[in-house]
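S.K.: Spelled out from the first residue to the last, the chains are:
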Amino acid sequence: SQKIEQNSEALNIQEGKTATLTCNYTNYSPAYLQWYRQDPGRGPVFLLLIRENEKEKRKERLKVTFDTTLKQSLFHITASQPADSATYLCAPGELSFGAGTTVTVRA
Amino acid sequence: DGGITQSPKYLFRKEGQNVTLSCEQNLNHDAMYWYRQDPGQGLRLIYYSQIVNDFQKGDIAEGYSVSREKKESFPLTVTSAQKNPTAFYLCASHKTGSNQPQHFGDGTRLSIL
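Line order of the protein sequences matches chains A and B. Under the working numbering, the first residue of the first sequence carries the number 5, and numbering increases by one thereafter. Under the working numbering, the first residue of the second sequence carries the number 2, and numbering increases by one thereafter.
Hints may contain errors.
[To be verified] Just a few of them, taken from the derived set where beta-carbon distance is under 7 Å, the chain B residues facing chain A:
no., residue
1, G41
2, Q42
3, L44
4, L46
5, L91
6, N100
7, P102
8, F105
9, G106
10, D107
11, G108
Derived from the structure by calculation, the hints contain no laboratory data. Note that CB positions come from ideal geometry on N, CA and C, so glycine has one too.
One chain only, chain A, in its complex shape (with noise of 0.2 Å):
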């Protein structure tokens, strides 16, 4: 059965460092990978989607990589904020999520 890990529950860094998110997946190849943003109490927001035959995917201060070599990728917040404290969540292909991991930013 497919299978998704994302990397620790939880991250706590610095104003102005950059979170470094990972998503492994197992038993499946999908075409693409996307994630998404969580805040408490609310529904998941799309950040970026990036598809199979793409390396590397930026959206103004987020930066993502897809390598189904490894059947992973890598979530990257540089000169990160308070205001990007939320929980993201990885979702490889279409109807199948990770659990998440919740970052803090330490003002």
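With chain A fixed as given, assemble chain B onto it according to the hints.
M.R.: Below, chain B alone, put in the same frame as chain A:
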């Protein structure tokens, strides 16, 4: 603004009671989904519908039922057969076609009285 509206935001269920969670979208999306979210777990798919009057079971459909009589609406009923209903329920919609993200509502938190 287009979006997805879930109601109510909080819901309490008594023993033996069925409750219905509402989900309405005005995005003109064909596909709609229901997920359950528990602490420390990923979203788990309950039911989904890709077209009006048709829907499919997801990974954890037991104890739940849905209907899709209108494109805009996809209500979820949590029946008394669902023995552990306490969770955060999320509805999403999706424009069919490859590489399209899902749009989520803000969820309904269901608890047992």
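S.K.: Against each hint, give a clear statement of whether it holds in the structure.
M.R.: Verification of the hints:
no. : hint : in the structure
1   : G41  : holds, 6 Å
2   : Q42  : holds, 5 Å
3   : L44  : holds, 4 Å
4   : L46  : holds, 5 Å
5   : L91  : holds, 5 Å
6   : N100 : holds, 5 Å
7   : P102 : holds, 4 Å
8   : F105 : holds, 3 Å
9   : G106 : holds, 5 Å
10  : D107 : holds, 5 Å
11  : G108 : holds, 5 Å
In summary, the structure agrees with every hint in the numbered list given earlier.
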